[in-house]
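In order, the protein sequences belong to chains A and B. Position 312 of the first sequence, counting from 1, maps to 312 under the numbering used here, and the rest follow consecutively. Position 55 of the second sequence, counting from 1, maps to 459 under the numbering used here, and the rest follow consecutively.
Keep in mind the hints are simulated off the structure, nothing from the lab. Heads up, some of the hints might be wrong.
With a straight-line cut-off of 20 Å between C-alpha atoms, the simulated EDC-like cross-links for lysine to aspartate or glutamate are [unchecked claim]:
1. 219(A) <-> 117(A)
2. 391(A) <-> 463(B)
3. 487(B) <-> 396(A)
4. 169(A) <-> 136(A)
5. 523(B) <-> 314(A)
6. 487(B) <-> 314(A)
7. 487(B) <-> 399(A)
Here the structure is a predicted model, which means the values were calculated and not measured.
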Amino acid sequence: MNRTRAVLTIFAIAWGTFTIAIMLAVGEGLRLTFGQVINHLGTAALVISGKQTTKSHHGQSSGIQIMLTQHDLDRLKKILLGRAEITGSVLSDRAITYGAKMTRGMPVTAVAPEYADFHAIKTLPSGRFIDGADDELRRQVIVLGDRTYHKLFKPHENAVGKTVYVAGKPFIVIGVQRQSLQLIMTSQYPDEFTNWVPYQTYQALTNDYNYSNFFVAPKDLSQVSQLQNEIRHFITKDRQLGPDDLGILDFINIQQEKQKIMLFFYGIEMVLGIIGALTLVVAGVGALNVMYISVRSATREIGVRMALGATTFDILLYYICEALLTAAIGGTLGAFLAKGTVMLINLVPMDSELLQYLGRPRPILSIQLIFIVIITLGAISLTAGAFPARKAASIDPVEALRYE
Amino acid sequence: MNDSLIELQHIRKVYALGKVQLTALMIDQLCIKKGEYVAILGPSGSGKSTLMNLLGCLDTPTSGKYFLQQREVSQLTRNELAKVRNLQIGFVFQSFNLLDYATALDNVALPLVYRGMPKAERHARATDFLSRVGLGDRLYHRPNELSGGQCQRVAIARALVIGPSLILADEPTGNLDSRSGEQIIHLFENCVNEGKTIIIVTHDLSLAKRAKRVIRILDGKVESDS
Numbered sequence: 001m002n003r004t005r006a007v008l009t010i011f012a013i014a015w016g017t018f019t020i021a022i023m024l025a026v027g028e029g030l031r032l033t034f035g036q037v038i039n040h041l042g043t044a045a046l047v048i049s050g051k052q053t054t055k056s057h058h059g060q061s062s063g064i065q066i067m068l069t070q071h072d073l074d075r076l077k078k079i080l081l082g083r084a085e086i087t088g089s090v091l092s093d094r095a096i097t098y099g100a101k102m103t104r105g106m107p108v109t110a111v112a113p114e115y116a117d118f119h120a121i122k123t124l125p126s127g128r129f130i131d132g133a134d135d136e137l138r139r140q141v142i143v144l145g146d147r148t149y150h151k152l153f154k155p156h157e158n159a160v161g162k163t164v165y166v167a168g169k170p171f172i173v174i175g176v177q178r179q180s181l182q183l184i185m186t187s188q189y190p191d192e193f194t195n196w197v198p199y200q201t202y203q204a205l206t207n208d209y210n211y212s213n214f215f216v217a218p219k220d221l222s223q224v225s226q227l228q229n230e231i232r233h234f235i236t237k238d239r240q241l242g243p244d245d246l247g248i249l250d251f252i253n254i255q256q257e258k259q260k261i262m263l264f265f266y267g268i269e270m271v272l273g274i275i276g277a278l279t280l281v282v283a284g285v286g287a288l289n290v291m292y293i294s295v296r297s298a299t300r301e302i303g304v305r306m307a308l309g310a311t312t313f314d315i316l317l318y319y320i321c322e323a324l325l326t327a328a329i330g331g332t333l334g335a336f337l338a339k340g341t342v343m344l345i346n347l348v349p350m351d352s353e354l355l356q357y358l359g360r361p362r363p364i365l366s367i368q369l370i371f372i373v374i375i376t377l378g379a380i381s382l383t384a385g386a387f388p389a390r391k392a393a394s395i396d397p398v399e400a401l402r403y404e
Numbered sequence: 405m406n407d408s409l410i411e412l413q414h415i416r417k418v419y420a421l422g423k424v425q426l427t428a429l430m431i432d433q434l435c436i437k438k439g440e441y442v443a444i445l446g447p448s449g450s451g452k453s454t455l456m457n458l459l460g461c462l463d464t465p466t467s468g469k470y471f472l473q474q475r476e477v478s479q480l481t482r483n484e485l486a487k488v489r490n491l492q493i494g495f496v497f498q499s500f501n502l503l504d505y506a507t508a509l510d511n512v513a514l515p516l517v518y519r520g521m522p523k524a525e526r527h528a529r530a531t532d533f534l535s536r537v538g539l540g541d542r543l544y545h546r547p548n549e550l551s552g553g554q555c556q557r558v559a560i561a562r563a564l565v566i567g568p569s570l571i572l573a574d575e576p577t578g579n580l581d582s583r584s585g586e587q588i589i590h591l592f593e594n595c596v597n598e599g600k601t602i603i604i605v606t607h608d609l610s611l612a613k614r615a616k617r618v619i620r621i622l623d624g625k626v627e628s629d630s
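Bound-form chain B, shown alone:
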C-alpha cells in the first residue's frame, strides 16, 4: 500500500448528453506504484483522455475514490485540486501548450509563480531544468523560435521543475518527427531511471511498448493490464 502512488476504486465518470447518460469511464480497481513507467493505450474515444484528466486532477469522478499518495483527491475543491497539480503533477501535452509570447525560461518558471516563489529562485531553477533537457543555450528563445522537439523539451522541463511525484504525458510525440520523438522518449526514460513515475497516454503502440507497463483501455474499461 505504501509504495502505491495512484489508487483508483470504483471510479465512474458519467456525462449527461441531454437526457442520455454516457458512461465514459468505469474502472473498479487500478493501482500504479511509485517509479512506474506506464502507458495507457487505446483508440480515440476509448476514455483514455478522461482517465488522464482524472489522474491529472483536472477533473473529478462522478463516483468512486481516487487516492494520490494515499490522499483522497476525488472530493477536493477546484482550488485544492489546483494546489495538488501545482505541487505534484507535471503535464506534457501533445501540442506543448507553451505561452507563445513568453521565453523558454518564463514558460518553465510559470508553475513556480503559483507557488509564490521569488523571481530569482524561479529563474535559477528553470535555468537548471532547461539545461538538463539540453536547452541551456535557448533560455530566452520564444516557442516560435524553437523546433517542435525543442518546444516539447521546454514542456518537459516545465513538468519537471516542480519536482512532481507524477508526470502525465498526453501523446507527447504525436506532433514530432521520429528523431525528436526518440529524444523525448529518451528523456522520459531518464526520468524513470531517476525514480519518477511517468504515465504516457497514447494510441501509438510503438510508443506504448517502450513503457514497462501497458494498460489498454476500451469503451471506458480496462481491457488489459500487463
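Next up, chain A with everything else stripped away, as it sits in the complex:
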C-alpha cells in the first residue's frame, strides 16, 4: 500500500477512535458518578420542616410558627410504627473553634444515632458516628464534617480524640465524615458542611426541645405521599389547626428530587450519546472516504495485478486485509492516545465548587469501551475498504489498466 495513503488512513481511524473513546469515557464517568450519587442517598425519603399557619381556624390566627417538638416525634414514631422510621435534627449555627482556628457557616446539627443511616453518612476509618451511649449519657462528643475538618486541622492530621469548642463548651472529636457525593439537599446545608453532636447532649446544654427537621424513611417507597398526608393530618389535628391549611409543613420529597436528578443525568447521557454517535458517523465517513480514495487511486494497480493473474477474490482479500490492518493499527494508536489523555485529565485537580457539587466526574476509559470503539470502527473500515475494493475487483482489467 502507498505509504502516504496508509498513514492518512491510519490517522483517520486513530482520530476517530480517539474522539469516540474520549466522548464515551466522559459519558461513562458521568454515569458512574450518577450511580454513586443515587447510592449515597440513605434511607430518608421525606424531609419535614415546620412553617407558618396561613389560615385562621377555631380562634387560632394565621402566621403562627409551627415548631416540631419531641412530643411530635414520639407520637409520630407510634403512628408510623412498622411502616416507617422517623428521626429528627436540630440545626444550630454555632462556631467551632480549635486552637486559634474557627469555623463560620458550618453549622452544628444535633441528631440521634440513626441519623447516619437516614443520610448515608460515613466516617473515616479512624473514627465513628454518634452511638446510643453518646446520646443517652449526653456525652460532649462531635463528628466533624469534611469541610470543618479541613478548616480546623492540617491535612492528614488525626482529629479523633482532639477537643474542639462549640459555643465555648469542650467537645471531643469522635469521627470525621468521609467526603461523599451529594446532589440532593436534605437540609439547608450539604452534609460536608455540617457537624453532628448527640441530640440529648444538645438538649441538656441548651434546654431546646424543638426540632428543625424530621426525616422519614418508609419501608415502602410508594407510600411516601400517604405518609406525608398522615403526618400533616396529625400535626393539624394535634394543634387544632384548619385541616385544609396545607402550608403548615414543608415537605421535601427526596424520591421526586431523585427523579429530577436522574432526568438531568439521562439528559446529559443522551446528549453525549448523540454527540458520540455523530462523531462515530463522522469518523466512519472519514475512514470510508480515505479507504475509498485509497482503493480508487489504486485502480490502475488493481488492473496490473489482474493482468498478472490476480482473481477477484485475490483483490478483495488484499484490500480487506489492508483495511483490517490499518483499522487495527489506527484503532490501537487512537486507544492509547485516548487512554493517555484520560490519564492526563485525571491528573488535573478538580477543586472548583461546581465540579465538587457535580460529584467530581472523571472520564473513565474501560477496556470494554475501547473494545466497542475498535470493533465498531473496524467494522466501518472493513465496509469502507470492502465496498470500493469489490467495485474495483469487479471492473474490467482493460479499463483498470487504462485508468489514470
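Since chain A is already given, all that's left is putting chain B on it; use the hints.
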C-alpha cells in the same frame, strides 16, 4: 495444428456506444505458431490494442473462437482467464506498470504470489530473472530509483518469471530513448532465440521490422500478414 500457439476463428469485438454498434475487430482467421516473433502494426484506433487485449485474455470476443495452445479461451470466466494469464501470458506495457512502492524484486515476484508460491522460492526465481536482464545489482531498488530502460527490463523479467508460452508487449520502447529501446529489443530477440513466442503491438514501423512477421491492422481487420 499442433505447433500453433494462437488460433483465432471468426473473431468479432463489438462495442455498443449508446444505440450505435461499433465493430472494433473483425478477424476471420489468424494463426500464430510457437516460437514466432510477431509485430502487430497499425495506427491509433486501428484495433490493435483490442486485438492485444483479446490475445492477452484481458478481454473476450463478442463472437468467434480463440484457441490458446489448443484450448478455447474465448468462453472462460473472469477467474479462469486470470489463471490463464498467470500461467501462460507475460505482459510488457509501454508505461511499465510496475508498483511504485515495491522493490524490483517484489515487482518481479508479484505474479508468483497469485500462484501461491512460497516467498523464498518466489524471491529466488525473481532474483534469477532480474539477473538475466542485467539487474542483479538492482534487486532492492524501487521504480523511481531506476531509469526508464531499467524499469522496462524489470517489467520484462516480470513477464518472463512465470515461464510464459506467450509474451505480449504493447509499445515496449515507446517511452524509452533509442539506446534503451535497442537493449529491450535485444532482450526480446534473445527470448525468441530461446524459443519464446513474442507479439509486439506497435505503430512504430522500425520496431515492427525487427520482427520475423508483421501483421498490419487497419479498421479492425488484418490488412496484410507477411
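task: Hint by hint, work out which the structure violates, then give me just those numbers in ascending order.
output: Nothing - there is no hint that the structure violates, so all of them hold.
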